[in-house]
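Enquirer: If you follow the hints, you should be able to join the two separate chains into one complex; please do so.
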Amino acid sequence: MTMQFNDETFRGDYTYHNSPEAIRRFPFPFDQDTYMYSVNIEQHPGGPKGTPFEKMFDVDEHYVAEMKDREITLAEDPLRCQSLPHMELAGWDLLELIMVSKARDYPDLFTLHRDGNDWHWINKPLGIEKKFTFLDATTLPCGPMEYITRQTQGDFALLHERDNNLWMDAGMITSQADWSLDFDVGMNFFEWHAPVPKARKMGVFDKALKFLLAVGQGQHYRRLNWTMTVNPRLDTSPENYHKWGPEKRTITPENVGQKQFLRVELQTFFRLPRSNALAFPIRCYLMNLEDIATKPKWGRRLHRVLRDIDPDLAEYKGFAVNQKTIVDYLSQFDDGAPTSPGIFPD
Amino acid sequence: MKKLTLKVTAVEHLSPLVKRFRFEDPTGASLPVFSGGAHLTVEMPEGDTIRRNSYSLISDPYDGSGYEIAVRREDKGRGGSLYMHTKVSEGDDITVSLPSNLFQLDLRAKKHVLIGGGIGITPFLSQLRQLDMEQKPYELHYAARSREEAAGIKLLPQAAHIHVHISEEGSRMDLGAILDGQPLGTHVYTCGPDGLITAVADQTARLGWPKAAVHSEAFTAPPPGEPFDVVVKSSGKTVHVKADQSLLEALEAAKVDIDYSCRGGGCGRCQTKVTACDGRILHNDHWLSEDERAAQKDIMPCMSRFKGTRLELDL
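Protein sequences appear in the order of chains A and B.
Oh and the first sequence: position 228 is 228 in the numbering used here, straight run, nothing missing.
Oh and the second sequence: position 35 is 35 in the numbering used here, straight run, nothing missing.
Excised from the complex, chain B in its bound form (with noise of 0.2 Å):
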């Protein structure tokens, strides 16, 4: 995977929780352009390990002298977002992927609605530069508790078409009101927890939109758990996981060949076939689909763990 090593230029709090970092290209290159909803992969060496984290851009796509991340600190996470906001800061060096897109506008939509709740606004912030830069007609809900959560209201143009419902100021997001009546042709872009995924699913259908114009990412952080071990089928070694590790980072630091992309369970390239489990995995992907999930014959090791005696993998 080709890697870009880029300097920190700006590090500044957006909320409480949410940091906003710029990269910069050490001798002042002009860095890939991307398109909307890209995200990039961040590498956080710590010790003899290296945690990688997906983030979405909320830079302008187009605009080649930086990019720009968000990432909300997550206390009870595997620490790569405490890594970002305790260990990084303007003026070091920092490893990320070129940009990749799992998560990029239909233009053949007629019209774009989307709809992010809390951190989930992030991808939107790139989509809606590409979407005002080739004249596409959109509206843009932000759904945040409060007003002191919401960190992406500084990022947000103001304009007629963005909506900010902040629910502890009464304005709680009426799914029904927004995807009701929308003309033939719209699509709609749905990020942040599952629960708002899955309303905006049901809404669509029980409306009738066809499932092509309903788009969604849901990809998080890799989550911590108890600590297991795996067992690689060809070398027949033993790999530990550890409770602030994910199965993905713990094969790379025994130094097996896995392939990966997203780190986030959304995009099927480490898909791995399972040889042996006496146990259950625990499916934290968005990936396998439900009968691969209770077949447990494929296991996603960027996101899943497992619980049990014995996990082998056809490594």
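Same shape as in the complex, but just chain A (with noise of 0.2 Å):
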């Protein structure tokens, strides 16, 4: 295998790092020195090589040590993965959306051998090697959408359409930006965004809702999101606030380059072609303000970000209560030099 995994943890002593080439290749989220709402879309995959964007499935070093926070993260609270009955076919789609394009983008970690229905998938990374019938759930030890998404990272949402609207009606959540799968399963589009703020009156919800339902089968588009976590954290969850939560008062001017991290969600849409479901993949990167500022231009930008953001936006964000001290922080690496369109580093 040419890559290398990350023996690092993401909760108790959080020792989760980004090596040199996991810094270069970070999804920044910001294409300008300032930031507010837009339907922000584009085709997926597609990007300068060794980007996250690259690849249907952005596979990278932390991807050993994720799968083993989720089996944590799951072990504690089955609820984090849900499937409403009619969902299991979106479920099959998935997962042969995601081994195809494993095994075809990284042939050197995944292999899949299909003669009709009867499959065969072997994930060298976690060792796992296994035959069963495809759109038959009893050969496997879990429904289909868990059994794939226990081996990808990143969050999943699976989108039943009907009425003219998108129904969360099945997902994996398990290193999600304070939300619950459980509060959400079985709501409409409108419902589950409701507590973001300014968006709905903006008409954002119905562009994107629009958007979502025109996408076809073949065409994938993506996003980029963002929020502010302290610690390396995947698993901040409302279900485990009371862990959390109190973290982001461990905040101090010495420690805030290395404890406040930038997280950034990766999110794709892939039209299903069995259950026509929305399959909506959330991949989470985590970088600290220190690595950030290894590049002058990100440095610069994400200080003029966070001073100048929405206070609306940084209380929902999470970090209003820090965000002094991180710009007070950012201001050292901003020299007032103007900076290079678009997100990649100089």
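Take these hints with a grain of salt, some might be off.
Every beta carbon over 10 Å from chain B, so not counted as near; a handful from chain A, in silico [as the list claims (entries may be wrong)]:
hint : residue
1    : D7
2    : Y35
3    : D108
4    : T111
5    : L112
Per the computed footprint, the stretches of chain B lying under chain A, defined by three or more beta-carbons under 8 Å from a beta-carbon of chain A, are [claimed, not checked]:
hint : region
6    : 27-36
7    : 103-111
It is worth saying that the hints were derived from the structure and are not from the lab.
Cβ coordinates follow ideal geometry from the N, Cα and C atoms, glycine included.
Expert: Spelled out as structure tokens, the structure:
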């Protein structure tokens, strides 16, 4: 195997770390020095070689550790993975999409042999080899969505289309930015977005839903979203708020560079063929301020974005309490020089 | 929009008016599978215009070896179905969209009742294969005037839950008998003439069915009509719409950038704002509400036409 996987944790002693290569390829979400909502959608996959936009499902140095963290979260709280009965077919669609994509994009890590519905899947990084019958759930140890998403980085929501709306009827959600699948399961697009400030008035959701309903087979899209997290914790769920919420209060001017992380979500959209459902993978990338500032353009820009952001958004994204400390720290990297367009470092 | 260039590998008369077409990948590659009720948009180039009509897929949705559609010849249409009947033969190349679905099964249903009238049988031919594979209970009712016109009979399996109603043989479909007494959690799907769709809607309303359990698909090919002119606001250019052209096709031929999907007035994708209207929009779509139609501030260019002196679109 050509890829090296980190031995690291996302809880307790928090040994998560980014290599220089991981820093270089980080999906920095700001393409200008200010931030407001936009329906910032692009076609997926596609992007410069080595970036996380290049492949359908990005696999990086955190893969094995992220899957171990998901296992711990699920063992403590099985309701992080739910699939309403009519969503099993969408689960098979997702399993097929991921297995076919990964075997094609990472042939040294994953192999898929198909003979009709007799499938043979080999996942080398996780040491899994499995023969099963496609579309027959009795041949897998769990449902198809759970099976494949225990082997794929990122959270996954499967959206059922009906009555000109999308319904969150299945998901695997263990690395979320403070929302709960158990609370949202069965809700429609407007219901599960209700807590987002300002956006509904701006008409963002009407446009976004119209766009999503029109996503066709073979047309895949992506967008970036972001928030801020203290410590490299994947499971920032409402269920476990009592564990990670208090950690926000541990930020000091001395430790903010190491403990404060920019949390980026690479969100992608796929129309699934058999179920006509939409798959909505949400992949999380974490990087602390210190590592971000190693790219001068990112250091300057992040300072300006977080300094000038709308106070409602700072509150919603959960970092208002530490905003001053963060901005003071980042100011040392901002010499006032202009920044180049686009998200990539200079 | 992603497109596929396929080979026509079979053409067959199912009835005097209906032909079945099969398309396969020229290299033998597997085509994307789809969901029951999905359709394809077929391109029909003729001279300097490309006509595009959408047709329901009638083949096995999980079989990527080919796509099949059934086309009824409409002698009074814009010429799309005539093109399919007279210009397309085995061995030809044909360009189609990827499958797209505006009439999917609601897999939450405890039971599915499928009601097809005439050529409206087509979306159910793929749905019933999906229902068989999913092992879901269903019944299908197919109504046609005469056995000769009932092109779908050849494509339907012989089974107790498949019912054929031929009105000239005296076995008219009785919607009351079909819909009354269905178990709670049943969904009904209707495809066919507007009258049939309305009759099912009325009957289910009388019987107290939840609206979310009643589905229909009425999209048809755009109708021809009298020619008219339309002004494109951004450029000030006037585009002439011929009698056998849809407004969407005329705009496309004039290289006006406009989005579309179903081309049958059912998906909402081509909805366009009307910035000036001195006359009457002939709304033929199933998308705009009664109020929106009356307001004449929006038009669905895939289906609708215009009669009057000036129509200007926000394009």
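Enquirer: Take the hints in turn and mark each one as holding or not.
Expert: How the hints compare with the structure:
With a least CB separation of 40 Å from chain B, D7 (chain A) remains clear of the 10 Å interface cut-off, as annotated. With a closest Cβ-Cβ approach of about 28 Å to chain B, Y35 (chain A) is found to remain outside the 10 Å limit, as its non-interface label requires. For D108 (chain A), the non-interface assignment is confirmed: its Cβ lies about 25 Å from the closest Cβ of chain B, beyond the 10 Å cut-off. No Cβ of chain B approaches the Cβ of T111 (chain A) within 10 Å, the least distance being about 19 Å, so the stated non-interface status holds.
With a cut of 10 Å on Cβ distances, L112 (chain A) stays outside the contact zone with chain B, its closest approach being about 14 Å. Restraint check on the region 27-36 of chain B versus chain A: 4 residues with Cβ-Cβ distances below 8 Å, three needed, restraint holds. Coverage of the region 103-111 of chain B by chain A holds [criterion: at least 3 residues with CB-CB distance below 8 Å; count 4].
In terms of the numbered hints stated before, the structure departs from none.
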